[in-house]
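> Residue strings, one per chain:
Number of protein chains: 2
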Amino acid sequence: MSKMYNVAVAGATGAVGLEMLKTLEKRNFPVKSLRLLASARSVGKQLEFKGEKIPVEEMTNDSFKGIDIALFSAGASRSKDFAKACVESGAVMIDNSSAFRMVPDVPLVVPEINPEDAFQHKGIIANPNCTTIIMLVALNPLYKLSPIRRIIVSTYQCSSGAGQKGMNELLTQTADYVNGRPIVPQVFPFQYAFNLFSHNTAIGPNGYNEEEMKMVNETRKIMHDANISVCPTCIRIPTIRSHAEAITIEQERKVSVEEALAALAKAPGVKIVNDAATNHFPMPIESNDQYDVLVGRVRDDLSCPKGLALFVCGDQLLKGAAQNAVQIAEVLASRNA
Amino acid sequence: MSKMYNVAVAGATGAVGLEMLKTLEKRNFPVKSLRLLASARSVGKQLEFKGEKIPVEEMTNDSFKGIDIALFSAGASRSKDFAKACVESGAVMIDNSSAFRMVPDVPLVVPEINPEDAFQHKGIIANPNCTTIIMLVALNPLYKLSPIRRIIVSTYQCSSGAGQKGMNELLTQTADYVNGRPIVPQVFPFQYAFNLFSHNTAIGPNGYNEEEMKMVNETRKIMHDANISVCPTCIRIPTIRSHAEAITIEQERKVSVEEALAALAKAPGVKIVNDAATNHFPMPIESNDQYDVLVGRVRDDLSCPKGLALFVCGDQLLKGAAQNAVQIAEVLASRNA
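Here the protein sequences line up with chains A and B, keeping their order. Using my numbering, read the first sequence as starting at 1 and increasing by one per residue. Using my numbering, read the second sequence as starting at 1 and increasing by one per residue.
For the record, the hints were derived by calculation from the structure and aren't laboratory data.
Listed below are several chain A residues computed to face chain B (Cβ distance under 7 Å; list not exhaustive):
hint : residue
1    : Ile152
2    : Tyr156
3    : Gln191
4    : Phe197
5    : Ile203
6    : Ser229
7    : Cys231
8    : Thr239
9    : Ile240
10   : Ala244
11   : Thr248
12   : Ala276
13   : Ile285
Covered, in the sense of this in silico footprint (three residues per stretch, anywhere, with C-beta under 8 Å from a C-beta of chain B), are these stretches of chain A:
hint : region
14   : 168 to 175
15   : 206 to 216
16   : 290 to 304
Beta carbons: idealized from backbone N, C-alpha and C, even for Gly.
Just chain A, with the same shape it has in the complex (with noise of 0.2 Å):
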């Protein structure tokens, strides 16, 4: 029989944890026991987990006894906090949060792409920023035809990005517009309903903001790749809980569209998405709840002889976050079956 393993899901209440639950579940990840951790106000609650109900603990330093594998989205400073519990405790760290992904020890995974870096752990896993996940998983089968040097993107982001209250901030200024009453922006810094803005993280001295970095340092990362430049520009639309993504990109060679299509219709987590007579096209509304990321639009770049472009849609909560930790587990998991 299989190995079973004790589970714990820190930050359980929050828009990701709870698709943490429902991935482990509906991806039958091997789970003996699992623990439900969150923070004091939320103790009291409970979840349910394949018909069980569950009840939520406070996470303290005694919470990782027992534990093999800790899937953690309670926000990078708890991640910080109770990093050392946790790894100490013996459990291995699967982190949703930005904490220690560009820590040199710590491996920045994405099953599709470098699962082996897993193996490679000291007790940390980093679950890599939700934008740099689904356009990752959409180019890495093209950098197998050729490396990629150059990526231009622009992010078409949604609410969930900013979790739960983000995805109710979105509904109720969009209820209040429709009725006529004053919209009050309460999590993000500006009206969302019917409008756009640019990514709410600090801009640095080079004039990009931390999202847009993540996306420039994560990917060279993930790819092994120092020489991989990025160009992006990150901004939130008024979307539920996939984000989208116009990429451009310069390869060493030429890679024509139909060979691109071919490698991407073989890739894992790749579901093509590409009807010139209908345009139809990689949309939010399709990729909500679905594992993979939608890739479509693939065409010659016009400015680059040695360019393509392509427009990718992903769920945030999926394959951005709670479906990426969940993976990685199952890597683990599959050395020791």
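Fit chain B to the supplied structure of chain A, relying on the hints for placement.
Just chain B, lined up with the frame of chain A:
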């Protein structure tokens, strides 16, 4: 006393037509008489101009007698149907449709960029595509610093590109979504509320849709530079009446961010919105109903030594359509003062 003009607005009851009226009034264009033309089903309506109610007349070949300037926004097929009658009557046709834009002897004019072209007309002057106008108002001051060789642009296009019915569809669908009613797309091919989709114009053999090819071809014509390469991705997002665009350019020489901002600060039709400290950059809600194109996020392209990136936002109905057409009329009037 300056010359006064007999003006006709063809398509007066449409979203752009109504903005043409408002813009003629607000900018105090020297109107001697105003004739409002539309299809037969609008006859009986009255529209207000400078406090006076003007009846809507059915557009016929006789509508242009005595007219000096006819502002057309009634769709490409009606522009084609009535161009001959309009021009033969001695009126100058300023056409907002795509009908004549790429006809060699029809000037394609953005008054901030190529006003002189307007005087080369043989009866028809074309108003460029909305997305192209908004992009080029921001890029022209940079082009003057050093020729632009390559443009990669991703658009965030609003509902008003499909007129009042497009705006209505977005608002209706959104109200339906918020109230739990089923969504039935009628104007656009896909759900629009909380979604995005690739621009709903036909995809050509090269994989680009008609909207994108307008950006490619019209850019070269307006800038008088056949060597500008453009790689556009045109996407509709759920905003109401302003387009936004993430633009990356490559120039002949490296232009610094400071130099670019200094040129933009002096450029006509441009308003810089670029406050990194508060993450305040161009947003649709701030460009709605504004004449200027908002420009921000001006920064070095991390992936190209001669590159710059920027983010722009402009009112699709105004600078993207009605206002640009009225500005062309102002250019003509400036020589007849």
